[in-house]
Amino acid sequence: ETGVTQSPTHLIKTRGQQVTLRCSSQSGHNTVSWYQQALGQGPQFIFQYYREEENGRGNFPPRFSGLQFPNYSSELNVNALELDDSALYLCASSFSQAESLQETQYFGPGTRLLVL
Amino acid sequence: AQSVTQLDSQVPVFEEAPVELRCNYSSSVSVYLFWYVQYPNQGLQLLLKYLSGSTLVKGINGFEAEFNKSQTSFHLRKPSVHISDTAEYFCAVSSINDYKLSFGAGTTVTVRA
Chain A
160 ETGVTQSPTH
170 LIKTRGQQVT
180 LRCSSQSGHN
190 TVSWYQQALG
200 QGPQFIFQYY
210 REEENGRGNF
220 PPRFSGLQFP
230 NYSSELNVNA
240 LELDDSALYL
250 CASSFSQAES
260 LQETQYFGPG
270 TRLLVL
Chain B
21 AQSVTQLDSQ
31 VPVFEEAPVE
41 LRCNYSSSVS
51 VYLFWYVQYP
61 NQGLQLLLKY
71 LSGSTLVKGI
81 NGFEAEFNKS
91 QTSFHLRKPS
101 VHISDTAEYF
111 CAVSSINDYK
121 LSFGAGTTVT
131 VRA
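Residue numbers (my numbering), protein chains in the order written: chain A, 160 to 275; chain B, 21 to 133.
The hints are simulated quantities; they were obtained by calculation from the structure and are not laboratory data.
Keep in mind that the hints are not guaranteed to be accurate.
Looking from chain B toward chain A, a few residues come up when the C-beta cut is under 10 Å (computed) [as the list claims (entries may be wrong)]:
hint, residue
1, F34
2, Y45
3, S46
4, K69
5, L71
Think of the CB as a built atom: it goes at the ideal place given N, C-alpha and C, for glycine as much as any other residue.
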C-alpha cells in the first residue's frame, strides 16, 4: 500500500510569485485535505477536495486554490505569495463514503515553503 | 466550531519514566478525537483516535489516551518512554459531522537518558 506523497519537499519563492504544490493520496482514498503549519504552531485547515469538488474551506483567502484530479491526486496553488505564507504545507488523504462520512485522515511528509 | 488546548507546550522527561500530555477541547456537538505525532522534519503520524465506544483508547508505540466527556479532555499517556519518543505531539478534534481537523498548538516531548 502506497502512503501519501507530496512534491516538492522544499521550495523557495519570492514575494508576489505563484506556487503549485502536489499531493498523491494513499491507495484507496478519494478525499484530500490541505493544511498549513506555520513554524511552532499546529496545522490549520485550508480546504478539502472530494470527487474533484471543493468540500469545505478554512479561513484562507481566495489566492489559495486547489484542484483534485480523477486519480484523486491534488494540487494546492497559492498566488501572490506573501512572507507569512512561509510554512510546512501538509496534505492528508482519507476515504469518504459521502461528503460528511469520512474516515481517518493520513498525512504526507509535507512541502516546506520559504517565501523571501 | 471546535477548538483544542494543549496545556503543556514542553514536557521534558527521563527515559523509562511515564509521561502524560494534556489536551482539552471545546465543542457544542459530539466529536472525534485524535493524537498525532510529528518527528523532526516529517509529516504527522496518527498515534490513536477516539470515535466511539470504550473511553480508553490504545494506540501505536505503547501510547494510550482516555476520553473524558464531562471534563472535555483527551489526555495521552505512556508508562515508559524511550529516547525515540522525542517529538512534537498534536491533539486534534473534529465534529462527527465535519471532516475538518482542528489542532492544538502542540507539545514538545524531549526524552533524556
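Each hint tested on the structure:
1. F34: For F34/B, the interface hint is violated, since the closest Cβ of chain A sits about 25 Å away, which is over 10 Å.
2. Y45: violated (13 Å)
3. S46: violated (15 Å)
4. K69: With a closest approach of 6 Å, the K69/B hint holds.
5. L71: Check passed: Cβ of L71/B comes within 9 Å of chain A, closer than 10 Å.
In the structure shown, a violation is registered for the earlier hints numbered 1, 2, 3, in ascending order.
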